[in-house]
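Peer 1: Listed below, chain by chain, are the residues.
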Amino acid sequence: MPLLPLATGAIIALVAATFAFPWLEFVLTLAIAKGLAALGVAILLRGGLISIGHAMFFAIGAYATAFAMRDFGITDVFALILISAIISLVAGLLIGAFVVRYRAIFFAMLNLAISMVLFSLLSKFYGVTGGTDGLRVGTPTVLGMVLEAKGFATFLFYAAIAAMVLAGLAVNAYFKSPLGEALSAVHTNEIRLEYLGIPVRGVLLVAYGLSALLAGIGGTFAAMTIGHVLPDMAYWTDSGHLVLVAVLGGISGIGGPFVGAAFLELVHTLAAGVTDAWNMIVGAALLGVIFFLPKGLIGFIRPTKKGDLA
Amino acid sequence: MFETIVPLLIDGLANAALIFLVAVGLTLVFSVLRVLNVAHGSFYSIGAYAAASLGLWVVGAGLPGWLTFASLPLSAALVAVIVGPLIERTLIRWAYGKSEAVQILVTFGLFLILEDLQRIVFGVDSFYEDTPVQLLGSIEIGGVVYLTYQLVLILLAAALLVGLKLFIGHTRIGKLIAAVVADREISQAMGINTNRVFMIAFSLGVFLAALGGALTVPQAGVSPGLGADTMVLAFAVAAIGGLGKIEGAAVAAVIVALARVLAIYFAPELDAVAPYLVMLLVLLVRPYGLFGSATTRKI
Numbered sequence: 001m002p003l004l005p006l007a008t009g010a011i012i013a014l015v016a017a018t019f020a021f022p023w024l025e026f027v028l029t030l031a032i033a034k035g036l037a038a039l040g041v042a043i044l045l046r047g048g049l050i051s052i053g054h055a056m057f058f059a060i061g062a063y064a065t066a067f068a069m070r071d072f073g074i075t076d077v078f079a080l081i082l083i084s085a086i087i088s089l090v091a092g093l094l095i096g097a098f099v100v101r102y103r104a105i106f107f108a109m110l111n112l113a114i115s116m117v118l119f120s121l122l123s124k125f126y127g128v129t130g131g132t133d134g135l136r137v138g139t140p141t142v143l144g145m146v147l148e149a150k151g152f153a154t155f156l157f158y159a160a161i162a163a164m165v166l167a168g169l170a171v172n173a174y175f176k177s178p179l180g181e182a183l184s185a186v187h188t189n190e191i192r193l194e195y196l197g198i199p200v201r202g203v204l205l206v207a208y209g210l211s212a213l214l215a216g217i218g219g220t221f222a223a224m225t226i227g228h229v230l231p232d233m234a235y236w237t238d239s240g241h242l243v244l245v246a247v248l249g250g251i252s253g254i255g256g257p258f259v260g261a262a263f264l265e266l267v268h269t270l271a272a273g274v275t276d277a278w279n280m281i282v283g284a285a286l287l288g289v290i291f292f293l294p295k296g297l298i299g300f301i302r303p304t305k306k307g308d309l310a
Numbered sequence: 001m002f003e004t005i006v007p008l009l010i011d012g013l014a015n016a017a018l019i020f021l022v023a024v025g026l027t028l029v030f031s032v033l034r035v036l037n038v039a040h041g042s043f044y045s046i047g048a049y050a051a052a053s054l055g056l057w058v059v060g061a062g063l064p065g066w067l068t069f070a071s072l073p074l075s076a077a078l079v080a081v082i083v084g085p086l087i088e089r090t091l092i093r094w095a096y097g098k099s100e101a102v103q104i105l106v107t108f109g110l111f112l113i114l115e116d117l118q119r120i121v122f123g124v125d126s127f128y129e130d131t132p133v134q135l136l137g138s139i140e141i142g143g144v145v146y147l148t149y150q151l152v153l154i155l156l157a158a159a160l161l162v163g164l165k166l167f168i169g170h171t172r173i174g175k176l177i178a179a180v181v182a183d184r185e186i187s188q189a190m191g192i193n194t195n196r197v198f199m200i201a202f203s204l205g206v207f208l209a210a211l212g213g214a215l216t217v218p219q220a221g222v223s224p225g226l227g228a229d230t231m232v233l234a235f236a237v238a239a240i241g242g243l244g245k246i247e248g249a250a251v252a253a254v255i256v257a258l259a260r261v262l263a264i265y266f267a268p269e270l271d272a273v274a275p276y277l278v279m280l281l282v283l284l285v286r287p288y289g290l291f292g293s294a295t296t297r298k299i
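Protein chains in written order, with the working numbering: chain A, 1 to 310; chain B, 1 to 299.
I should point out that these hints are in silico values taken from the structure, not numbers from a laboratory. Be careful, since some hints might not be right.
[To be verified] If you want a taste of the chain B side facing chain A, the calculated C-beta under 8 Å gives, among others:
| id | residue |
| --- | --- |
| 1 | 57 |
| 2 | 63 |
| 3 | 85 |
| 4 | 112 |
| 5 | 115 |
| 6 | 116 |
| 7 | 117 |
| 8 | 235 |
| 9 | 236 |
| 10 | 273 |
| 11 | 283 |
Given the structure is predicted, the values throughout are model-derived calculations rather than measurements. We treat Cβ as the ideally placed atom computed from N, Cα and C, and that holds for glycine.
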């Protein structure tokens, strides 16, 4: 099925759903925020790299927003997104410069170590970061306009959809560019790529920076949606959830991570009234997808050849 | 300074002893099965819940207090015998030979399921059962009072390290495990039932983690989130020592304990970050860990 009508239909469905059920607005904004981060993780998975530490960039984006508001008095939503994006991109390139030298389990472990260092620092330095209580994030202004909380939430929902579309188009273009094709080739045969004269580490660093950027933008959306940032955003189980969301949805294209994130947030919300064992449902769904649907949930809709996990 | 740092050290080493048990199980399972089990920390908390339940039952039934000592290894053994083969035969077996990404994800799914199962069965309350600590009391050395239980933990971990090395070097099943680690295909060709070795090694790993969890109950109790916290600490210790290295895990556990003691003494807010800082520094310099090597994988 062609991509464009499908994506348009999905977005119309999203908007229609929030008209029918207004409470979905919050859930779906958060889902798109996590979907952006999961899209970043999916980029790395395409290169065969699994990071159990990517929640750190989500947290970096979220805390950058909180700090910019608290310490620098910046309240404009676009300025906040831009600042968080730049900071997470710089952080991604700095950390990436070290970690792209490693592969497989060592890559995963090193990301885990860095994210846990960040998590511990965020929870311990009470004076700067608010410790385990986290920081409050007020309602930002929109181009000088002061919106009430409800109006801002609606604005943020549409802004998140716009960010999703832009990120989707950008990543799609990236995947089709020589750099993106080289990334898939790293997964297939890294040594051959080196023989061809393609700098593998450079290819991976671009991918890592891009994935950090996406996770950071997701983090700033999450911070503004929830109105609060917590060190737990950088905890290793949250990093695991990002990988889970990416694989659950499918890493073959750009839609999968968002489908996975929507699934996760909906299960979380719907199960909350009945049981707090929503993680069990999500874990079982993950196992089901890995065992029976190697293309992810999106494989139901768009069967493609590319993007197997194994 | 001596009076403050030595009790800190004993406390740190006692905690390191428990983390060592989890990390050594993780490292053993990794070297035999070549699967990095992200759900390994859950066995620690399951062992802790089992030991707390059994201990509380022993006390509640009016049985003699020393039976609570027996209940600790017994509950760990029960967990290992029931949970180990069940999980290895089903989920883990499927992940053999798959890419790391798949293995990590499968065991992460298992982790989520196990964490919520514990929440359903044991609720969100904390459990405490400290009869063993009370029975052992405390001893005074050089004017400082120590909990005897903590000293026992340290000795026990040291004994388990020696026992594990002897088990692998000098028993039939231990040598089979070492052979499978050295070369899986040749072992199979020589007629070793590798599937059975995998199951035994995995269950042994579960037992070690569950024992660590059981032993933590008398001094710290058990509450939700224990599995996740322990998992990432055990990762740090196993990675510092070098994945697949038993003595590496022991040395790493001691290093982490020392780092934490120094942090508590000089900069208390760095206490929690110390293990991960050590992990980060070691992995940047030696990605295969202190004792690991790039090519060979031996126990």
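Peer 1: None of the hints should be skipped; say for each whether it holds.
Peer 2: Right, here's what the structure says about each hint:
no.	hint	verdict
1	57	25 Å, violated
2	63	34 Å, violated
3	85	18 Å, violated
4	112	3 Å, holds
5	115	6 Å, holds
6	116	4 Å, holds
7	117	7 Å, holds
8	235	6 Å, holds
9	236	7 Å, holds
10	273	4 Å, holds
11	283	5 Å, holds
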